[in-house]
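Residue numbers (numbering that gives the first Met the number 0): 0 to 265.
Careful: at least some of the hints might be erroneous.
Calculated cross-link-like contacts (lysine-lysine; reagent style DSSO-like; alpha-carbon spacing at most 30 Å) [said to hold, decoys possible]:
no.	residue 1	residue 2
1	185	59
2	170	185
3	71	59
4	174	71
5	185	71
6	185	70
7	174	208
8	177	70
9	170	71
10	97	71
11	97	70
Pairwise CB distance ranges (calculated) [as the list claims (entries may be wrong)]:
no.	residue 1	residue 2	range
12	238	67	33 to 39 Å
13	101	206	17 to 23 Å
14	237	107	41 to 47 Å
15	95	70	15 to 21 Å
16	115	224	20 to 26 Å
17	208	134	20 to 26 Å
18	114	71	20 to 26 Å
19	235	134	29 to 35 Å
20	71	208	23 to 29 Å
21	123	248	37 to 43 Å
Derived by calculation from the structure, the hints in this document are not laboratory data.
Please read all numbers here as calculations on a predicted model, not as lab measurements.
Beta carbons: idealized from backbone N, C-alpha and C, even for Gly.
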Amino acid sequence: MHSRFRRPDLTKIFLTGCLALGAVFIFFLTNENKIKQTPQAPDKIKRESAVSSTDQSLQKFSLTGFDDQGKKFWNLEGDRASIDPAQSVFLEQNVVLKLKDSTVIRTDHVQWSQDGGILRTPAPVFVTHQNAQVKGRGAVGRLNDNFIQLNRDIEMVINQTTRLTADGPLKIYYKENKMIFYRRVKVVDERGVLTANRMDVLFDQEQKKVSQIIANGHVTIQRGSDTTRSQRAIYTMATGSVRLEGNPEITLHKESAKILDAPFRN
């Protein structure tokens with residue numbers, strides 16, 4: 000069963016958190032440039048002081064990655080680092096990953112593998128970009144595959160008024176211009192609450208903004224005492240419309256219902 004309607008207040012509940020997600024996601028839009036270490040500009044390791052030359056223990060470690068055009072794309076640094084024979088780098092204390100567009104990712108410690116450019120950490124991760132702050136526990140990043148994931152306990156705050164939470168993981172496929180929140184996704188602001196099992200946020204690569212929001216699995220939109228339920232809800236930015244799929248059900252509070260029966264009372 001399909002139901003189409005346009006309700007600005009209802010759709011705002013569905014979109015408020017998602018539209019601002021673009022603030023965090025935009026820096027991942029690389030115009031399908033695959034991140035790699037270029038022969039002309041290999042990753043740079045800067046040492047302010049070496050604690051030991053035998054165990055490759057370093058202080059104030061800095062690592063820089065470049066895109067296909069040889070332009071600086073990210074910089075990883077930490078107060079302390081050690082390098083094992085397999086060329087994995089272990090960073091700890093004030094670990095910061097800075098990406099272009101001024102996005103900053105912080106954690107307590109991380110492992111970077113030269114083979115495949117994989118970043119891993121079990122520690123809490125904090126992401127800051129413009130007016131949005133995201134935190135989660137544990138992360139995996141595959142820079143060569145244009146992918147990053149926050150593992151669990153996802154929380155995002157936008158403008159200090161809208162809060163999005165999910166059990167996780169949060170998967171970001173920045174070559175495909177898509178990010179997916181998994182398990183008990185919930186968006187809360189002053190207008191209402193949206194919950195779903197999963198939420199896909201799709202981005203327009205050229206305009207670098209949200210093009211479509213898809214919520215799947217036990218979708219509930221609650222505004223005051225009014226509740227809308229469906230198995231799937233699709234919001235399309237171009238038309239400003241929401242399509243509910245899977246036996247949609249709308250429950251109205253008594254006062255809201257009066258709006259519907261007013262013409263018949265006259």
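Are any of the numbered hints broken by this structure? If so, which, sorted upward? 1, 5, 6, 16
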